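Chain B: place on chain A using the hints.
Here the protein sequences come in this chain order: A and B. Sequential numbering from 10 applies to the first sequence in my numbering. Sequential numbering from 45 applies to the second sequence in my numbering.
Simulated from the structure, these hints should not be mistaken for laboratory data. Since the structure is predicted, the reported quantities are computational estimates derived from the model, not experimental observations. The C-beta atom is built at its ideal place from N, Cα and C for all residues, glycine as well. Certain hints may be false.
To be verified - Over 12 angstroms on every C-beta distance to chain B, these chain A residues come out as not near it, computed from the model: (1) Leu68; (2) Ala85; (3) Pro199; (4) Pro226; (5) Val240; (6) Ser265; (7) Val439; (8) Leu477; (9) Thr489; (10) His502; (11) Ile534.
Unchecked claim - Incomplete in silico selection of chain B near chain A, CB under 7 angstroms: (12) Gly107; (13) Ile114; (14) Arg126; (15) Asp134; (16) His139; (17) Gly140; (18) Ala153; (19) Val237; (20) Lys249; (21) Gly260; (22) Pro263; (23) Leu289; (24) Asp436.
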Amino acid sequence: MATIAVPLGAQGEQVEAEALRRPALSEYLRWSVDHKIIGVQYGVSAFLFFIIGGAMAMLIRLELWTPELDLIVSGAAYNSLFTIHGTIMIFLFIIPMWAAFGVPLQLGAKDMAFPWLNAFAFWLIPPAAVVVLLGYFVSPAEAGWTSYPPLSTLFSGDGQTLWALGAHLLGISSIMGSINFIVTIFNMRPPEMTIWRMPLLCWAVLATSIIAVMATPFLAGALTLLLLDRVAGTTFFDAASGGDVLLWQNIFWFYSHPAVYIMVLPGMGVLSEVLSVHSRKPVFGYRMVGLSSMGIAFVGFTVWAHHMFTSLQPELRIPFMITTMIIAVPTGIKMFSWIGTIWGGKIRLNSAMLFALGFLSLFVIGGISGVMLAALPFDIHVHDTYFVVSHFHFVLFGGSVFAVYAALYHWFPKVTGRMLNERLGQIHFVFTYFGFLFTFFPMHVVGMLGMPRRVAVYVEGFQAWNQLISFSAFVLGFSTFIVIYNVIKSYYHGPIAGANPWRALTLEWQTTSPPPPMNFDDDPIPFEDPYGYGTEASAAYLAVVDEAFSNGSTRASEH
Amino acid sequence: MQNRPSNTPSISPAAVVVAAVFLIVSVIGINWFTTFVPVVLPEQASAESKSVDELFYILMIIGGVVFFLIQGMLLISVIAFRARPGDEGDGPTYHGNPLLEIVWTIIPALVVVFLAVVSFNIWTQNTEPKAAINMVEGHSISINVTGARYAWTHQYVTERFDPDGNQIVINSGPELHTYIGQNVDLTLQTQDVIHSYWVPAMRVKQDLLPGDPTRGGRPTQLRFTPIRVEDRSYPARYPIVCAELCGDGHGRMQGAVIVYENESQFLDQFYEPAIHAILNPPADPILRGEMEIQNYICNSCHILDSLGWTSTTGPSLNGVADRAGERVPGQTAEEYIATSIWNSGAFRVPGYDQQMAAFGPDVMEATNVMSPEQLYSIVAYLCTQGEQSDCDMNNANVAIPDAIQTVFGYEVDITFGMDADADAETPDTETEASDDSE
Numbered sequence: 010m011a012t013i014a015v016p017l018g019a020q021g022e023q024v025e026a027e028a029l030r031r032p033a034l035s036e037y038l039r040w041s042v043d044h045k046i047i048g049v050q051y052g053v054s055a056f057l058f059f060i061i062g063g064a065m066a067m068l069i070r071l072e073l074w075t076p077e078l079d080l081i082v083s084g085a086a087y088n089s090l091f092t093i094h095g096t097i098m099i100f101l102f103i104i105p106m107w108a109a110f111g112v113p114l115q116l117g118a119k120d121m122a123f124p125w126l127n128a129f130a131f132w133l134i135p136p137a138a139v140v141v142l143l144g145y146f147v148s149p150a151e152a153g154w155t156s157y158p159p160l161s162t163l164f165s166g167d168g169q170t171l172w173a174l175g176a177h178l179l180g181i182s183s184i185m186g187s188i189n190f191i192v193t194i195f196n197m198r199p200p201e202m203t204i205w206r207m208p209l210l211c212w213a214v215l216a217t218s219i220i221a222v223m224a225t226p227f228l229a230g231a232l233t234l235l236l237l238d239r240v241a242g243t244t245f246f247d248a249a250s251g252g253d254v255l256l257w258q259n260i261f262w263f264y265s266h267p268a269v270y271i272m273v274l275p276g277m278g279v280l281s282e283v284l285s286v287h288s289r290k291p292v293f294g295y296r297m298v299g300l301s302s303m304g305i306a307f308v309g310f311t312v313w314a315h316h317m318f319t320s321l322q323p324e325l326r327i328p329f330m331i332t333t334m335i336i337a338v339p340t341g342i343k344m345f346s347w348i349g350t351i352w353g354g355k356i357r358l359n360s361a362m363l364f365a366l367g368f369l370s371l372f373v374i375g376g377i378s379g380v381m382l383a384a385l386p387f388d389i390h391v392h393d394t395y396f397v398v399s400h401f402h403f404v405l406f407g408g409s410v411f412a413v414y415a416a417l418y419h420w421f422p423k424v425t426g427r428m429l430n431e432r433l434g435q436i437h438f439v440f441t442y443f444g445f446l447f448t449f450f451p452m453h454v455v456g457m458l459g460m461p462r463r464v465a466v467y468v469e470g471f472q473a474w475n476q477l478i479s480f481s482a483f484v485l486g487f488s489t490f491i492v493i494y495n496v497i498k499s500y501y502h503g504p505i506a507g508a509n510p511w512r513a514l515t516l517e518w519q520t521t522s523p524p525p526p527m528n529f530d531d532d533p534i535p536f537e538d539p540y541g542y543g544t545e546a547s548a549a550y551l552a553v554v555d556e557a558f559s560n561g562s563t564r565a566s567e568h
Numbered sequence: 045m046q047n048r049p050s051n052t053p054s055i056s057p058a059a060v061v062v063a064a065v066f067l068i069v070s071v072i073g074i075n076w077f078t079t080f081v082p083v084v085l086p087e088q089a090s091a092e093s094k095s096v097d098e099l100f101y102i103l104m105i106i107g108g109v110v111f112f113l114i115q116g117m118l119l120i121s122v123i124a125f126r127a128r129p130g131d132e133g134d135g136p137t138y139h140g141n142p143l144l145e146i147v148w149t150i151i152p153a154l155v156v157v158f159l160a161v162v163s164f165n166i167w168t169q170n171t172e173p174k175a176a177i178n179m180v181e182g183h184s185i186s187i188n189v190t191g192a193r194y195a196w197t198h199q200y201v202t203e204r205f206d207p208d209g210n211q212i213v214i215n216s217g218p219e220l221h222t223y224i225g226q227n228v229d230l231t232l233q234t235q236d237v238i239h240s241y242w243v244p245a246m247r248v249k250q251d252l253l254p255g256d257p258t259r260g261g262r263p264t265q266l267r268f269t270p271i272r273v274e275d276r277s278y279p280a281r282y283p284i285v286c287a288e289l290c291g292d293g294h295g296r297m298q299g300a301v302i303v304y305e306n307e308s309q310f311l312d313q314f315y316e317p318a319i320h321a322i323l324n325p326p327a328d329p330i331l332r333g334e335m336e337i338q339n340y341i342c343n344s345c346h347i348l349d350s351l352g353w354t355s356t357t358g359p360s361l362n363g364v365a366d367r368a369g370e371r372v373p374g375q376t377a378e379e380y381i382a383t384s385i386w387n388s389g390a391f392r393v394p395g396y397d398q399q400m401a402a403f404g405p406d407v408m409e410a411t412n413v414m415s416p417e418q419l420y421s422i423v424a425y426l427c428t429q430g431e432q433s434d435c436d437m438n439n440a441n442v443a444i445p446d447a448i449q450t451v452f453g454y455e456v457d458i459t460f461g462m463d464a465d466a467d468a469e470t471p472d473t474e475t476e477a478s479d480d481s482e
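Chain A extracted, bound-state conformation (with noise of 0.2 angstroms):
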């Protein structure tokens, strides 16, 4: 295993450690308006998050391991607790995780379009933060992530309005985030860089984007309205004064349904990359992956009401639930592809690619969960419960969350010049993926069987379930730290890693690890085909641009 575990860019090791021109650490805690700072500084504070909401996850669980209330003083703060998880999960770890790093690169670009707002949209998260996480120590919202009224309207502490004013922050940022990054697809693109030459990671982004900044305007106009209705005496939700409390429901999941998507489309634009590489093999159906991501993201906007299956009026509900199994068929063409992509290559079983395996093993689980729950009269029985919690951890853990740590291990050589340890690597997942699994996989049952989520006391038949979930989530939350562990440590003693160690075709391979404060030196001559691996033709770019890096040389395009 560890042989082909050794990057195949050996030239990398005659590289001097002083070589590496990385930034001091110092530079990631200041403003910049490098997108390659600015990618670290999401990527760090969105991993601080992760931490953060996981110890939540990790008391949460604590609480569940007996039916009754114990751990937790009461009713209200275990709603509060799984309040601001879910929130810092969505809003501050996952949705700004995949943001700046790789776009610039891949496409052969010196920067983003809009630097200075890059840095901007960055460095509105901070602030939101604080205002969300104050919220909670000062007088926590109660009412879900999903934030309900009149619950969280009528019944809900001021950390509630707090909570809105910090997702309203957060949108913000997202909309910033997301035109810069449309725009920059779009205009930022070396000459040779066709639309069909750009690799699928763009894509996704592209895509994602495209969702963010038309979904995220609802957010901002539904959190507006439960703002007016907390502080200013609106009624838009209470329904004694002519409001309705469906309104909410159809706003927030018209963002949030699509926000799904922008959590776990640049996770499959990752695994696209990731899988192409480390089994040398062009990805299957280039055109129809890009494709199908713009498909996923129109449809993703029709099928909101999903959410609202049990307080829909009844003959709305069969639409909806046709739209939402339609989601099935771009969502099927991706998994087919990417097994189409590794089937017959010749893969390298290193800890990225054992990532993205485990995120197409557990998505393909929370794709069956989701088309399951499409149908609507056995999504009657399973609303609400424990079932969706599964299938929602399924997607967006077994998916986006994997997908993260697949890109960690893909493109940690790029960001800091260093390879991380692979055998702690391949460790890290055997925890995660069995951690996961046994946590994740009984929540199915103990939903059907009848257990709502949600709550901190349920009956007392649950407790062997539950203490099997406690116990695996326990075992998820220990991986974490093999993870940290390894980062920090290769951080500063990983084996240099050179120009290009995976030998990949994309752009952000075709110079220095890390990059050069303008990426490349001129405008970058991308190899015609993104994945087109196998090829004479690859070959000899490859070793072009090998040479020119054993050179010392930063030009990735001298050919």
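Positioned in the frame of chain A, the structure of chain B alone reads:
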């Protein structure tokens, strides 16, 4: 570079063997999967549960095929196509196969169309309104469910009338009583936030939505028909669960569906005794009050250990009589309790921000109408809730009517209308509970 001249990936014989084994494993596996259907779902206690579980069975088969197909191909790939140590070459340059892509677009599309049609049929079959709903003694009655933080209340608006000509309403608290074959059709209404009424054994769930009370709220409907479950003794009990986050005590908001074997068991064990108790209330105001208070939805907000109430939305009623005399200077305990029921806006216990619902002789909601006599008995009952009651318990039949007269100006008939005409008619109910407290 070790480029293959051919444009297709070559599949080793080993992979073919693995694929064949995988095919056999998945057929057995899917079969094995479906045996879990009854294990992972609760009992099938309604007609609807049968068809929902059939749908789940179909979903399990299709899901099983997808699961084994994907996981199997992943496993095969990792085993068969893993690069050998030292092999640094590339795989075949194979960009795709349009025919294959069309196939794997069309097949899933057909599968989801099939699932949509099946789901649609089951849905329309399960939700279509039935002709004879909530049949009791040949009448179709209405059953209303009220959700309030954190309790369920069920009310049966019967087709029987009391001697004054009022329709009798049975309040069965957190329990829904029904019988095998009754087409249950519930009207759900919430008092505060959104709740969700879920009976796992029946596979039904419906949210309760806040609406404008002056326009009759925003009632929603829930329909199911209980069926016989093998090896069950009747009456059978199934949990009711709140499935929508409603606050602090969300997890405690539970109830039960009691299913009787047939209509006559339902009538004998629930319906007739309940009506009998309402028609023949004890003459003792305390016992009468204990019964009356349970006909209102007080349990949805208050704790009262003697009656098993658990809700924490409003202040606790445990020991209320010990505190009532000191709450408002110049007001007796009787006056305070009476005022806080009929004129609930008058006080707000610190720490509770919700306004209590209005009760009284002229309130709009039929279920909250309360006569002076009912108030008298309820105050009498609450006066017993404490260790050394502030109320004048030796003189309850004078002190409480006086308090009601003072505060609201109503005359209370402390005999509950029995002095004029009831003496001869209801001798049996008075024997057990009449004279000892007065």
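Against the earlier hints, flag every one the structure doesn't satisfy and list their numbers going up. Per hint list: 2, 21, 22 and 24 violated.
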